[in-house]
Amino acid sequence: MSKYKKLVIPLIAVLGILLVAVFGHSLSVKSADNHNRIPIVFWHEMGGPSEDALEKVVDGFNKSQTKYKVIPKYQGTYDEAIQKILQTHNTSTSPAVFQAFDISTAQMLHSGYTTPVQNFIDEDNYDVSKISSVARAFYANKGKQQAMPFNTSQPVLYYNASLLKKYNITPPPVSPSYSDITRVAKELYEKSHHKVKGMTVQVYGWFLEQALANANAQLANNNDGHTGNPTKVSINNPDTVEFLEWIRENIKSGDFIDYGSGASAGANQTAGFLSDKVGIFIQSSASIGQLTKNNKNELGITYFPHPDNKKANGVAIGGAALWISNDKPKDVQRGAFEFIKYTLKPEVQAQWQKSTGYLALNKDSQKTSILKDLYAKNPESKVPGQQLATAKANYSNSGILMEGMQLTRQLEEIAMETVYNGGNIKKALDTADKNINDNLTQLNRANGYN
Amino acid sequence: MLKTSTTDVVPEKNVQAKQRHGFRLTAKDKYFASIFLGPSILILGLFVFYPMFKTLYISMFLTNTLGKTTVYVGFQNYAKLITSPDFISSMWVTFIYVLAVTVLTIALGLLLANLSSQKLPGISIFRTLYSVTMGVSVAVAAIFWLFIFNPSTGFFALLSNWLNLPVVNWLTSPTNAMWAVIITTVWMHLGFTFLILLGAIESVPSTLYEAADVEGASPRYQFFHITIPMISPTLFFVSTITIIDAFKSFGLIDLITKGGPTNATNMLVYRIYKDAFYSGNYAKSSAEAIILTVIIAFFTLLQFKFLEKKVNY
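Protein sequence lines, in the order shown, are assigned to chains V and B. Its first residue numbered 1, the first sequence is counted upward by one per residue in the UniProt record's numbering. Its first residue numbered 1, the second sequence is counted upward by one per residue in the UniProt record's numbering.
Hints are computed from structural coordinates only; laboratory data are not their basis. Do not take every clue at face value.
The list that follows gives simulated cross-link-like pairs (lysine-lysine, DSBU-like), each with its CA atoms no further than 35 Å apart [said to hold, decoys possible]: (1) V:Lys427 with V:Lys67; (2) V:Lys296 with V:Lys252; (3) V:Lys232 with B:Lys54; (4) V:Lys166 with V:Lys186; (5) V:Lys392 with V:Lys142; (6) V:Lys73 with V:Lys144; (7) B:Lys274 with V:Lys434; (8) B:Lys54 with V:Lys252; (9) B:Lys274 with V:Lys328; (10) V:Lys84 with B:Lys28; (11) B:Lys30 with V:Lys434; (12) V:Lys73 with B:Lys119; (13) B:Lys305 with V:Lys84; (14) V:Lys382 with V:Lys186.
Model the full assembly from the supplied sequences, consistent with the hints where possible.
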């Protein structure tokens, strides 16, 4: 016992310090605040540099008025946040306003847990015409705006322009075809004497869906769910096969490097790209910030590649929207909408694009000095916005309005991984087809949709 | 002291009455039983039994988008899982992983413990080095190994570039990814296993070895016929702990492979988590949880039935 006696006093001291630190902190937060501000809890999934940028947006809103106080809370990945939002509804911990990603739109819409922002738009006569219509359409249903797009991205293709110059390789055109990319990747691999891998495409279901959108093909029936709840998915179609055959061809000629799937794969391929190990990769436009800040090389950006014999149909937007929960009192919901309006101001969106790479959604943002300076410094950063502007919205490139998209993505990724590891394309897609449809049928049955 | 005084207090008659009627309890007994058992029954019921039965209940339904039970399907979820090649492969993957992790951890731990039990100058430096992974958290270990496995800038990639060998795709090829996860897990567990086994080896009476030396037994003979039998209770304990830990492995998988590639490292526990909290399919993951419970119960029983008998206490 005497052995431990020596430990007791330090232990109590440490505990005491911890207690003071924890409670003292919460006390100081409370006292520093204005007493009568209405707290608006805001759940988001922005990590890393984007989180810093988002906190600046929130700070800006809190300073711009004295009635509300938005409290941002990071909730992990997009996928995990969805279940947290659904399962905490009607409890005291649930958020007043939350960020939910593109593929959860159908789920949120059907949950009945949200107040359509259209209600507030009508109340305020808020002019939405300045906000990108393609982005708005993604989160609208039957003419009613359900949520407001906030962070919107486009998948683009990045290449190392300095390396291409070094080896005298003609850069790909602004809207490249699959074979344009294959040519550059092969030349880079050969001319660098196999020191630089030509290209990579991360195992990411989003890219496969975008390849279909760009080929004007639909994954789910009922026009990708835009004209009715989908009942059948056909992933084994000629356009998916062509996309995977393109990757397979590059794997076979050795110029392709596979970084796998998930967040660590994304980090690994960025590290590989920045250290001249791989010349070309596809990623969200939201990576521009990171790729221009730490890059000693010149960065090249093109549109998402399209099949050789087809014109590019344009890709769907990615990213997330802000939704308002309906389990909070009227004044809290009102505050949530005030915050949403603030996030869409031209300067806020312009600064947001500059610091993250997500596209500014307010058309007036282009006139701000923030973006003008950015384009003068990095002309390439215009490309994603141009890709968004040139695409004409149709059912194929407005996203897939279907529940169970998270599992669908996982199954798409398994099919991609099978192919990357040398498996048969048709067989991999057949398996994915069967599993996705099984899940969809069961989900529709559980939800009572048919 | 306390024990004897209580037995003294119990009147003779009462004892006889109990013997006659088996386990009939008096009102006083019931009162004390409820005081002593009540809290644990309450806590276990709330946090163990209620969730367990709720899981069983959910597993017999389909759940909708909000995670609520809607359509009763009986054992259909189970039938679907048992016939699904995906789930079967997950089970195999889990067994291979648990087996590999347990065998490798114990073999390496035993080797290191035996080496560092030698009385040599400076041996305590090695003892510290071998047990240092005990202080490493899962997240740190995962990030550390991810740096090593990175195919273009990682340690292994640089090493094989330097030696002009082809770069191994540690995390993208299904078989290698499994090894990557096994290596990382073994590395994580090694410190603890080493420390426990070292303690056991150190506590074997030295007279046994002295007697063996007199008899002229070789070091190898001494290891297998003195050390191993003498530390068998500890080996049993360590193997049980490692098996249970390996079955529960989550953090490393989540941070290193996320169950990929092509489900090659999608262990049962990780699958349960993904089906519930990624896909929102609570019915399916509940059925999986019940199956996992049955499997672990089976193995624990097996272990106690067969392994425990061989243990020399």
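*Provide an ascending list of the numbers of those earlier hints which the structure does not satisfy.*
Violated: hints 1, 8, 10, 11, 12 and 13.
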